[in-house]
Amino acid sequence: MRGHENKLFLLFVVSAIALGIAGSSMLPADRALTADASRLISIESLPDLGEMCLWEPISAKPVVPSADNNLFAAFEDKPVYAASQETVATADVARPPIRNILDTDPIYSAVTVDTRLNEVYLQDPNTWSIRIFNRLDNTPANAARTEPKRVIGGPKTDVQFNSCVYVDPKNGDIYSVENDIGDSIVVFKNDANGDAEPIRKLNVTHRAYAMAVDEENDEFYLSVQYPPQVAVYRKLASGNEPPKRLIQGESTRLSDSHGIAIDAKNKLLFVNNWGNISDYRIPGSGRFEAPSITVYRLDASGDAPPVRVIQGAKTQLNWPGAMAVDPDRQELYVANDVGQALVVFRETDKGDVQPVRVIKGPNTGLSYPTGIFVDTKNKELWATNLGNSSATVYPLTAAGNVVPVRTIRSAPKGKVSLRFGKTQAVAYDSKREEILVPN
Amino acid sequence: MHGFAYDAIHDEIVVSSPLTQAILIFRGGAGGEEAPVRVIQGPHTQILGTAEGGNDKVSVDAVNNEILLPVGTGVSRQNRTPITDNGVLVFARDVNGDVAPKRILSGPDTLIRSVAAVAADPVHDRLVVNSGNALLIFNRAASGNAKPLAVIQGPKSGVANISSFQVYPEKGWIIGGGSDGSICAWSINDNGDVPPRWKIPVQKLTGYVASGIALDPVHKEIILSAAGQRVRPPSGIMNSVITFSWPEIF
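Chains as they are written, first to last, in our numbering: chain A, 1 to 439; chain B, 1 to 250.
Treat each hint with caution, since some may be false.
[As the list claims (entries may be wrong)] Derived SDA-like pairs: lysine to any residue, alpha-carbon spacing no greater than 25 angstroms straight-line:
#, chain 1, residue 1, chain 2, residue 2
1, B, K171, A, E216
2, A, K431, B, A92
3, A, K267, A, K350
4, B, K220, A, K267
5, A, K201, A, S238
6, A, K431, B, P43
7, B, K220, A, A89
8, B, K102, A, K201
9, A, K265, A, E216
10, A, K431, B, V37
11, A, K377, A, K350
12, B, K204, B, Q153
13, A, K149, B, G236
[What the hints assert, rightly or not] The following label-pair restraints were derived from C-beta to C-beta distances:
#, chain 1, residue 1, chain 2, residue 2, range
14, B, D94, A, A143, 48 to 56 angstroms
15, A, D168, B, K147, 55 to 63 angstroms
16, A, R406, B, D94, 48 to 56 angstroms
17, A, E250, B, G32, 31 to 39 angstroms
18, B, G97, A, R200, 26 to 34 angstroms
Since the hints were made in silico from the structure, they are not lab data. What you are looking at is a predicted structure, and each value in this text was computed from that prediction instead of being measured. All residues carry an ideal CB built from backbone N, CA and C; glycine is no exception.
The shape of chain A in the complex, shown without the other chains:
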């Protein structure tokens, strides 16, 4: 999943003419409002739920779905109520919505592979769930989708705005990074299924995006979008345990940080940055920089400058998402979201360099790839695609407009996802009769 709160340039425009992608309905003319329609006057004392962006407390009580309150059931006939402005009383308008735009299929933001059990974990921020498949699943061309072996999701899981997934290679524990208001990392047992409670939860800084684990030292590295930083935690940290150290400050050249990867063998840390930067304590200090990958020593701390920076037009970096390292080949793999590509650099690259390999083109099945995983055991490269509800697999050394060796699809072939990641705002373009939705 792309990080939130800074998605400015891609407005998902939905033509009003094409409304009704899913769950749509129109009121028949004979149900139109009439001036003498029945009235229901409702004056209620209402609880205070606070600002919308605030974290949802556990005590909040969701509406239990029923025929009366479920969106899809609500398309049945309902009375319409009216009142004049002069009544100084509330008139309930209880008619159902006439249209609903939503994507009923998953969108996949991140991927990891459990090579011990040959299972693939895909993060879906559209349904706030983790979907688990067999590693060798390959959706046939004529099949609508491959069903997951199991799904971890539901209110007890605390999975929300999930942007990264990691499976412990020793014990199979599943780590999920909760972006946006999730502000946490939740950990599940390897066999978790359904609405399972996490076995551990670590509260982390707002806007955490991705994690990379140093299994040798039992530490994990967490990238935080803003204020940009890398927080290093004890691997088994939970509750409000603070990070062991932070990499943060102007010298670090971190800026709207997203993907993170480590090479424990060569003691290197890689972070990619979207280039949106400011000091939140200083008005008017904001600026735009080119996307970059900053490289640090694995033991870096504080306002440490990078040992190398990959940045410039030749790099093709464009909203880089997840990253992964192959320490044996000493290569760095990047899911280059808006670049519609997977790009590969040498770990030793610096400056304005071209990738050593690029996987891109119509045969690749890539569509807004944000997740990536290097399976060194099986010599495979995995990507997840926000744009078409799929995960695609390539040989580790693939390049160019290559056909994936396998694809796990969760929607019919050719599906173009809405890519709804967080539809918090909306505007209406009356000139073009279009709905504008940022993500």
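Chain B: place on chain A using the hints.
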């Protein structure tokens, strides 16, 4: 992004960029990676994005050629130390670059307590701010530490605090969030603990709690966006854009 605006008069899209302390103005028909036509950014702007919020929503008064930008301390859960006063920066709509705001509405008397959604009603010459669970109504050109002319607040009012609200000046409505997950219409002339004149019980009808609001007066519709962050919808699908017919308010 928690709130942005389409300027129908000048055919422009106005968005805020929280992490770069900027306001970006795009062509109305912009697509792809098209650059903004104007960028308001720099030390003179006094724009502040805070560590965990702030500068996350923006509004436009196309009639009076002004851009309204709420600033403040945001919704910090880990550090509630105020970095700056809460308030509203008002810029000329057509400025570009490092330009100072035309006026600033901020101070204890304003009762603005958060990074509040804001909208202008050029017909009634009012500025409305949704701060906390209150709608603060000012003279449109109010500046400094001005007191609101009216405050709609209280249990009967049901006013909630959501990411955005709209005004419909032609009929004098303020259309915002109710604290039971509804979308409500109050009168711009209301004051005190006044119940909304109209209410769509959106959560009850759909399972979603709306955070974004847009109006389509031509088709007499209200368009809502919801992202699952308040209440998990029964459909299990977190992101949705829902349209209601609401001819009564247009």
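Here is how each hint holds up against the structure:
no.: 1; hint: B:K171 to A:E216; result: violated (66 angstroms)
no.: 2; hint: A:K431 to B:A92; result: holds (23 angstroms)
no.: 3; hint: A:K267 to A:K350; result: holds (17 angstroms)
no.: 4; hint: B:K220 to A:K267; result: violated (61 angstroms)
no.: 5; hint: A:K201 to A:S238; result: holds (5 angstroms)
no.: 6; hint: A:K431 to B:P43; result: violated (35 angstroms)
no.: 7; hint: B:K220 to A:A89; result: holds (22 angstroms)
no.: 8; hint: B:K102 to A:K201; result: violated (47 angstroms)
no.: 9; hint: A:K265 to A:E216; result: holds (9 angstroms)
no.: 10; hint: A:K431 to B:V37; result: holds (19 angstroms)
no.: 11; hint: A:K377 to A:K350; result: violated (28 angstroms)
no.: 12; hint: B:K204 to B:Q153; result: holds (23 angstroms)
no.: 13; hint: A:K149 to B:G236; result: holds (18 angstroms)
no.: 14; hint: B:D94 to A:A143: 48 to 56 angstroms; result: holds (54 angstroms)
no.: 15; hint: A:D168 to B:K147: 55 to 63 angstroms; result: holds (58 angstroms)
no.: 16; hint: A:R406 to B:D94: 48 to 56 angstroms; result: holds (54 angstroms)
no.: 17; hint: A:E250 to B:G32: 31 to 39 angstroms; result: holds (32 angstroms)
no.: 18; hint: B:G97 to A:R200: 26 to 34 angstroms; result: violated (49 angstroms)
The structure fails hints 1, 4, 6, 8, 11 and 18 (numbered hints given earlier, in ascending order).
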